[in-house]
Amino acid sequence: MAKGGISAGLGVNESAKAPKNRINKKVLKNQKTLVLMSVPFAIYAIIFSYVPLFGWIMAFQNYKPKDGLLHSKFVGLQKFERLFGDDIFLKVIRNTFCMGAMNLIFGTVCAILFAILLNEFWSVKGKKAVQTISYLPHFLSWIIVTGICFDVLAMENGVLNDVLVGLHIIDAPINWLAYPKYFWWIVTFSNLWKETGWNSIIYLAAITSINPDLYEAASIDGAGRLSKIWHITLPGLKPTIMILLIMNIGNVLNAGFEVQYLLGNGLVQSVAQTIDIYVLKFGISNGDYSIGTAAGIFKSVVSIALIAIANRASKLMGEESLF
Amino acid sequence: MANSVGSGEAVRSLNSPKSNKNTESKSSVFSRRTTGDIIFDVINTIVLLLFTVIMLYPLINTVAMSFNDGIDALRGGITFFPRVFTMKNYQTVVAKQGMIDGAKISVLRTVIGTLTSTLCTALLAYVLSRKNFVFKKPLSMLYVVTMYVNGGLIPVFLVYKSLGLTNSFWVYIIPGMVSAWNMLVLRTYMNGIPESLSESAELDGAGHFTIFFSIIFPLSMPVIACVSLFTAVGQWNSWFDAMLYNRMSDNLTTLQYELMKLLSSVTNNNANVETMKNANNMVTPRTMRAAATVVTALPIVCLYPFLQRYFVAGMTIGGVKE
Chain A
1 MAKGGISAGL
11 GVNESAKAPK
21 NRINKKVLKN
31 QKTLVLMSVP
41 FAIYAIIFSY
51 VPLFGWIMAF
61 QNYKPKDGLL
71 HSKFVGLQKF
81 ERLFGDDIFL
91 KVIRNTFCMG
101 AMNLIFGTVC
111 AILFAILLNE
121 FWSVKGKKAV
131 QTISYLPHFL
141 SWIIVTGICF
151 DVLAMENGVL
161 NDVLVGLHII
171 DAPINWLAYP
181 KYFWWIVTFS
191 NLWKETGWNS
201 IIYLAAITSI
211 NPDLYEAASI
221 DGAGRLSKIW
231 HITLPGLKPT
241 IMILLIMNIG
251 NVLNAGFEVQ
261 YLLGNGLVQS
271 VAQTIDIYVL
281 KFGISNGDYS
291 IGTAAGIFKS
301 VVSIALIAIA
311 NRASKLMGEE
321 SLF
Chain B
324 MANSVGSGEA
334 VRSLNSPKSN
344 KNTESKSSVF
354 SRRTTGDIIF
364 DVINTIVLLL
374 FTVIMLYPLI
384 NTVAMSFNDG
394 IDALRGGITF
404 FPRVFTMKNY
414 QTVVAKQGMI
424 DGAKISVLRT
434 VIGTLTSTLC
444 TALLAYVLSR
454 KNFVFKKPLS
464 MLYVVTMYVN
474 GGLIPVFLVY
484 KSLGLTNSFW
494 VYIIPGMVSA
504 WNMLVLRTYM
514 NGIPESLSES
524 AELDGAGHFT
534 IFFSIIFPLS
544 MPVIACVSLF
554 TAVGQWNSWF
564 DAMLYNRMSD
574 NLTTLQYELM
584 KLLSSVTNNN
594 ANVETMKNAN
604 NMVTPRTMRA
614 AATVVTALPI
624 VCLYPFLQRY
634 FVAGMTIGGV
644 KE
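Heads up: the protein sequence lines correspond to chains A and B, in order.
With our numbering, the residue at position 113 of the first sequence is 113, and numbering never jumps.
With our numbering, the residue at position 82 of the second sequence is 405, and numbering never jumps.
Don't read these hints as lab results, they were simulated from the structure.
No residue lacks a Cβ here, since even glycine has one placed at the ideal position from N, Cα and C.
Treat the hints with caution; some may be incorrect.
[Claimed, not checked] With the C-beta cut set under 8 angstroms, the calculated list includes, among others, these residues of chain B facing chain A: (1) Gly474; (2) Pro478; (3) Leu586.
[As the list claims (entries may be wrong)] Which stretches of chain A does chain B cover? Using the computed rule of at least three CB atoms under 8 angstroms from a CB of chain B, they are: (4) 105-119; (5) 144-157; (6) 282-289; (7) 298-308.
[Stated by the list, open to error] With a cut-off of at most 27 angstroms between alpha-carbon atoms, the simulated DSSO-like pairs for lysine-lysine come out as follows: (8) Lys29/A to Lys460/B; (9) Lys73/A to Lys484/B; (10) Lys281/A to Lys91/A; (11) Lys32/A to Lys459/B; (12) Lys459/B to Lys26/A; (13) Lys315/A to Lys460/B; (14) Lys584/B to Lys281/A; (15) Lys281/A to Lys484/B; (16) Lys459/B to Lys25/A; (17) Lys25/A to Lys460/B; (18) Lys281/A to Lys66/A; (19) Lys64/A to Lys484/B; (20) Lys32/A to Lys454/B; (21) Lys484/B to Lys66/A; (22) Lys29/A to Lys459/B; (23) Lys29/A to Lys454/B; (24) Lys454/B to Lys25/A; (25) Lys454/B to Lys26/A; (26) Lys127/A to Lys228/A; (27) Lys181/A to Lys91/A; (28) Lys460/B to Lys32/A; (29) Lys427/B to Lys484/B; (30) Lys281/A to Lys64/A; (31) Lys26/A to Lys460/B; (32) Lys228/A to Lys128/A.
Sequences are here, hints too, so could you generate the full structure?
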């Protein structure tokens, strides 16, 4: 529709085939309201998302709150050197990576498995019911979930110990949260309990969009259920899996805060502390803003690098990519 | 097992949800159930049943605990139903200092936070969905970048502090007023609304605010509902901001933060192996925590069945974008 310059803003470019987004007086005048509307949004983004980035300067300073950003002494990379010379921080990096990776791997595999099992379930009503139940924990806060976790793992009257002792798998109740060797698994399982159902939604949606003729054809060729899953469903899910993997790899380092913070205790500190907890502890509680900021920068930079690498790798393999 | 109950049809309609009407007659010829199919169905049913029990049992057990007498719960064996029924746990929770205040703040932040966030995010999405808007690219870049880069805990903390947001109710509202992710979801939907609608309104002399409030906003209702539900759940569930920014202000505590304090009073005991056994002996904390958990989860659990379809719709819309 060629309404052209008559209507304000919309359609201005269409009529004259003018180059897109050329900023000139006429366009600005036509789009005055839109421009005015976007000013507060731009200011908001700058204040709440970009101004904090200037705080990164702190990592290169001996930041003192009373001196502020302008007058604190610059120390170059000294804070980063201290950070990477710190055994605790190296352990913290390991913990964050390992728990993040376990989450990503088991989370993805379980969500896909769950989606496939649901899809193959014989009763539509049963399928709906299981789905409904499985999404619920996603909407509960981590406080509630970790509270439930404490109850399940409790030494006395904890259901896990009761079941395992009852089945004679273990002789006496185990205090699960007191041993570092169990901690990563507990975190992984809590995550699975909370998110598997939710994460499977997108895979279920992807499964339903697979062309049903493929299944028909496979049936004619005599394929069984398992081979249909293997040769049709899984390949059909591949693009979705790739996209979600790329998106989630960037989040690997973000996955480590709430559960570890709430479930961790002095006994398992060496495996429970993650970068975020470290930042909170050294930055806010101990008031060492510079070290905390340096650790935060490390996390951001690694996250972005991970996304870029995953994206590139996916592209090279000829799969989907984000950008 | 109940797997043999008329399942052939169900399986087929699941496999071919789109064309099940057309293929119904055809497929009945091939899909006779083999032994393999039956074994598969049995295993599948068992796995899903087990899964459901693992999902549900801890929740049901918590509810049962919350209604059970504390000392009696010590004996163990409480599973699906309370044994010695009591409301005392709930009375203790409600009487506990900070609970009522926390509940009030939680409700307030959920209502105000959801309204402002939905409105502002939708408005931004509207601005960015206008096809020829000159600053469309830079403005959306400004927001998309924030999804990947952020200043981190400490710089953000210092900025909030210098803005006077610490020890203030507004720290719950203002930082979450625009969500880049929700904006993308809303914009994707708004882009799909026929342009002719806003164009004809414009010819009739309607300004952008009129178009937004009387055309685009109502037409985007399905996504708006979904986005606001997500925001509301996020608001209700968040506790970290209360701990980090408003630790000093008892009158600004939230329900989740109060529950977290209950939780950490248990963990701190656990940290010391000696007192660990005693911690479970003073059984009141456990039943009381169960009651507090139920109170905190109740709004979400009650709304959940009604809202589920929006959640799911939103998840799929979110997945399609980018």
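Would you pick out the hints that fail for this structure and give their numbers low to high?
none
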